[in-house]
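There are 2 protein chains.
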Amino acid sequence: MANSLSPRIRKLSEALSRLPGIGPLSAQRIAFHLLSGEDRSEARELAHLIEDAADSVRHCELCNTLCEDTLCSTCSDPKRERDKICVVESPADQQVIEGSLAYRGLYFVLGGRLSPVEDRGPEEIGLEKLMKRLEAEEVKEVILATSFTAEGDATAHYIALAAARHHPGIRVTRLARGIPAGIELEYTDVATVAHALLGRREA
Amino acid sequence: MANSLSPRIRKLSEALSRLPGIGPLSAQRIAFHLLSGEDRSEARELAHLIEDAADSVRHCELCNTLCEDTLCSTCSDPKRERDKICVVESPADQQVIEGSLAYRGLYFVLGGRLSPVEDRGPEEIGLEKLMKRLEAEEVKEVILATSFTAEGDATAHYIALAAARHHPGIRVTRLARGIPAGIELEYTDVATVAHALLGRREA
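Protein chains in written order, with this note's numbering: chain A, 1460 to 1662; chain B, 1460 to 1662.
These aren't lab readings, by the way, just hints derived from the structure by calculation.
Warning: the hint list may mix true and false statements.
[Stated by the list, open to error] Listed below are the simulated EDC-like cross-link pairs for lysine to aspartate or glutamate, each with C-alpha atoms no more than 16 Å apart in a straight line:
#, chain 1, residue 1, chain 2, residue 2
1, B, K1543, B, E1557
2, A, K1470, B, E1510
3, B, K1470, A, D1514
4, B, K1538, B, E1594
5, B, K1470, A, E1504
6, A, K1470, B, D1514
7, B, K1470, A, E1510
8, A, K1470, B, E1548
9, B, K1543, B, E1600
10, B, K1588, B, E1548
11, A, K1538, A, D1511
12, B, K1470, A, E1501
13, B, K1588, B, E1520
14, A, K1470, B, E1527
15, B, K1591, B, E1520
16, A, K1588, A, E1548
17, B, K1599, B, D1542
18, A, K1588, A, E1520
19, A, K1470, B, E1504
20, B, K1543, B, E1501
21, B, K1543, B, E1594
22, A, K1599, A, E1540
23, B, K1599, B, E1540
24, A, K1470, B, E1540
25, B, K1470, A, E1527
26, A, K1543, A, E1596
27, A, K1599, A, E1510
28, B, K1538, B, E1557
29, B, K1543, B, E1596
30, B, K1470, A, E1548
31, A, K1543, A, E1597
32, B, K1591, B, D1511
33, A, K1591, A, D1542
34, A, K1543, A, E1600
35, A, K1543, A, E1594
Isolated chain A (complex conformation) (with noise of 0.2 Å):
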């Protein structure tokens, strides 16, 4: 189909199309958005703040998030709860987390999960340096909220028996498995019905 289109619009669908979530038809019709301008600033903008972040966007020392200083906002906010530390996959899971307004402690990402098939292991999502962090006195409790997939559940498992062993004061917590809001049960599976029922509170 796009074989009379230019080798620049071309490449650039192609790239833009290895981005998540667009595929090679969207990725052809934002190429020609970015060029349909005369002056084309829409798309010098887009290529300024794309190598601008590439350039400035460096990782917390502390928990690891994608940020622009030494410290990210959220350790560095001193109304945050500094006892608590929700361990999370991505920068993105961290903003859901963050979304939901029901969290005001700290965070520590680990930037993946364990996966033996992608040859990721304990080294590769930070394990030492959450160790180290859990040293601090002020830490009570360490929230896992990595996915409940098999490689995040493995993850949490890994992470928690590292926890106890090396921090054995230290409350382990798994975010909550049930019934989604807004959900009838009627169309929930079965599996979160079970871990639904299995974790069911007083009324």
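Given the structure of chain A, go ahead and fit chain B onto it with the hints provided.
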């Protein structure tokens, strides 16, 4: 939700969310994706491709589509039928016609459609350039392939009138309206069925 996001990631997400088909959440996901690799080569490569395309892609002198030379690959292809010109709104629409493999003629890309609301008149869609193009002796037919919306229809109508006035010898046609391929009659809207009935052909 994005209150703890670093300013550069926030700005990049905002710019990405202005691209067609990308909402705020996918924009944030793409921004995190671009900044996830340690060396950020994917981000830098994408910035470079956008910049490079913005610098080098221009409009074909003959048909107005996006290309990198004076003439686009279609206009300079000696195997294309030079007696037909298909008028489309955008390079993306041109790609769809090319994808059909049912057309071997040339093109003219308007770069939009007539729109009183958006203050786009005949000059903005290059009508004069198109009329000049029709002066070439070889042109026998103009196929109007603007969208079947109110504005697209008005644009086609306007071009048809101008062509009839300035080049009465040239045949002016419009894409057929009718039932789309692979669609059950039962699920087709009445306007489309009406057009299919009016445009019926010998079986």
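Status of the hints after comparison with the structure:
1. K1543(B) <-> E1557(B): Between K1543(B) and E1557(B) the Cα gap is close to 14 Å, so the pair holds against 16 Å.
2. K1470(A) <-> E1510(B): OK: K1470(A) and E1510(B) at ~12 Å, within 16 Å.
3. K1470(B) <-> D1514(A): 14 Å, holds
4. K1538(B) <-> E1594(B): Judged against 16 Å, a Cα distance of about 21 Å means the pair is violated.
5. K1470(B) <-> E1504(A): Within the cut-off at roughly 11 Å; holds.
6. K1470(A) <-> D1514(B): 14 Å, holds
7. K1470(B) <-> E1510(A): 12 Å, holds
8. K1470(A) <-> E1548(B): 23 Å, violated
9. K1543(B) <-> E1600(B): 5 Å, holds
10. K1588(B) <-> E1548(B): 14 Å, holds
11. K1538(A) <-> D1511(A): 30 Å, violated
12. K1470(B) <-> E1501(A): 13 Å, holds
13. K1588(B) <-> E1520(B): 10 Å, holds
14. K1470(A) <-> E1527(B): Measuring from Cα to Cα gives roughly 13 Å; hence the hint holds.
15. K1591(B) <-> E1520(B): Roughly 12 Å between the alpha carbons, so the hint for K1591(B) and E1520(B) holds.
16. K1588(A) <-> E1548(A): Holds, at roughly 14 Å.
17. K1599(B) <-> D1542(B): 5 Å, holds
18. K1588(A) <-> E1520(A): 10 Å, holds
19. K1470(A) <-> E1504(B): This hinted pair holds, its Cα atoms lying about 11 Å apart.
20. K1543(B) <-> E1501(B): 42 Å, violated
21. K1543(B) <-> E1594(B): 13 Å, holds
22. K1599(A) <-> E1540(A): 10 Å, holds
23. K1599(B) <-> E1540(B): Distance of about 10 Å is within 16 Å: holds.
24. K1470(A) <-> E1540(B): This hinted pair is violated, its Cα atoms lying about 28 Å apart.
25. K1470(B) <-> E1527(A): The hint holds at about 13 Å.
26. K1543(A) <-> E1596(A): Holds: K1543(A) and E1596(A) sit about 11 Å apart, inside 16 Å.
27. K1599(A) <-> E1510(A): 40 Å, violated
28. K1538(B) <-> E1557(B): 14 Å, holds
29. K1543(B) <-> E1596(B): 11 Å, holds
30. K1470(B) <-> E1548(A): 23 Å, violated
31. K1543(A) <-> E1597(A): The given pair, whose Cα atoms are some 9 Å apart, holds under the 16 Å limit.
32. K1591(B) <-> D1511(B): 32 Å, violated
33. K1591(A) <-> D1542(A): Roughly 15 Å between the alpha carbons, so the hint for K1591(A) and D1542(A) holds.
34. K1543(A) <-> E1600(A): 5 Å, holds
35. K1543(A) <-> E1594(A): Holds, at about 13 Å.
The structure shown violates the earlier hints numbered 4, 8, 11, 20, 24, 27, 30, 32.
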